[in-house]
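So the chains spell out like this:
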Amino acid sequence: MTSQAYLGQPPRPAVWLINLFTTHKNAESIFGDLLEEYSSLASKSGVSFAGRWYWRQTVKTIAHLFGSGYRAAPWSTTAAAVGGFLLHRFVSGLPHKLLSAVTDRYLAFWSTHFNAYIWVLKGMTPVHLIASLFVGCVIALAAKGREMVATITLALVLCALIGSAMVWVATHWPLGIVGMLWTFADPFAIVVGGALVRTRRSPAITLAKHV
Amino acid sequence: MPGRDYLGEFEHIVVLALMHLADRAYGVTVRQEIEFRTKREVSIGAIYATLDRLEAKGYVRSRLGDPTPERGGRSKRFFHVTAKGVEAVNCTQRALQKMSEGLDLGFIRSYS
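Going down the list, the sequences are from chains Y and B.
When the letters of the first sequence are read in order and numbered with my numbering, they come out as residues 1 to 211.
When the letters of the second sequence are read in order and numbered with my numbering, they come out as residues 1 to 112.
Treat the hints with care, since some could be wrong.
Partner residues aside, some chain B positions facing chain Y, computed with beta carbon under 7 angstroms [stated by the list, open to error]:
hint, residue
1, Gly-58
2, Arg-71
3, Gly-102
What the simulated footprint calls covered on chain Y by chain B, stretch by stretch (three residues with Cβ under 8 angstroms from a Cβ of chain B suffice, anywhere in the stretch; the number is not a length) [what the hints assert, rightly or not]:
hint, segment
4, 51-61
5, 151-158
No wet-lab data here; the hints were simulated from the structure.
Positions of the beta carbon are idealized from the N, C-alpha and C atoms, including for glycine.
Please put together the full structure from these sequences, using the hints given.
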């Protein structure tokens, strides 16, 4: 039992990743099937071989589950992504609007405390990321059961827009690209938000039974 | 609409695997059967995505088996082909046969 239990432990990050994309209906069978094959491979060919096999299965399985998740509900997923895009546009502009309102109101204060103003400006980046994280959480809450599909769809749209903007900047001001790289953190934060909501919602059986 | 009961390439392969396996058809055996017969590595995600689609179309049905210890106490999900699924396989096979009639496939292969 102990050796079986030891061999029967697939890589936990891979288990977590698959768990983000499986539907509740399939979770038990998919994890059971993977664990059965992993244990069999681990006893025949070793744990490292079985681990590599598990990771290969994880990557391919996620790709298929993402595709089938989108095809199963293309309109609701697109609606969640479009709603998320608009919400992101609105929310990501709020910190700057707030900062402008404060600086305009207390102009005399900021002119004598310029260093503090610089620190507030630097704080805009984390605030921006928190806003993106919030948007990711909201989309994931709206797209119940397809949290990752909706958030990744929005993240891909944003990445495409950022990529296009970077191409434009590169043709006009090549060095400006370096300063734009951090904007990819926004789509990443949205996906993290989706993963947080999904992890909280996912059925306890999938991870608990692997332990 | 009977004329639309065709299966996609991978759907066709999965249904044929279910027919070969009969009452032993669940994720692991279906995946291994396809790998064994087609020599093509298949992911468990591809199998379940296809089986879900086939089940939604009414070509296959599934039932849960008993939980087993080698699966960490999880149940197997067994699949079987319905009469509508068998009809879809026949329909697809006939279409493929008609499309390949009159073609010298050996000749085509030598040029591919």
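Tested hints:
1. Gly-58: violated (16 angstroms)
2. Arg-71: Status holds, d = 4 angstroms.
3. Gly-102: violated (35 angstroms)
4. 51-61: As far as the segment 51-61 of chain Y goes, the hint holds, because 4 residues have Cβ atoms under 8 angstroms from chain B.
5. 151-158: Result for this restraint: violated, n = 0.
When each numbered hint is compared with the structure, violations occur for hints 1, 3, 5.
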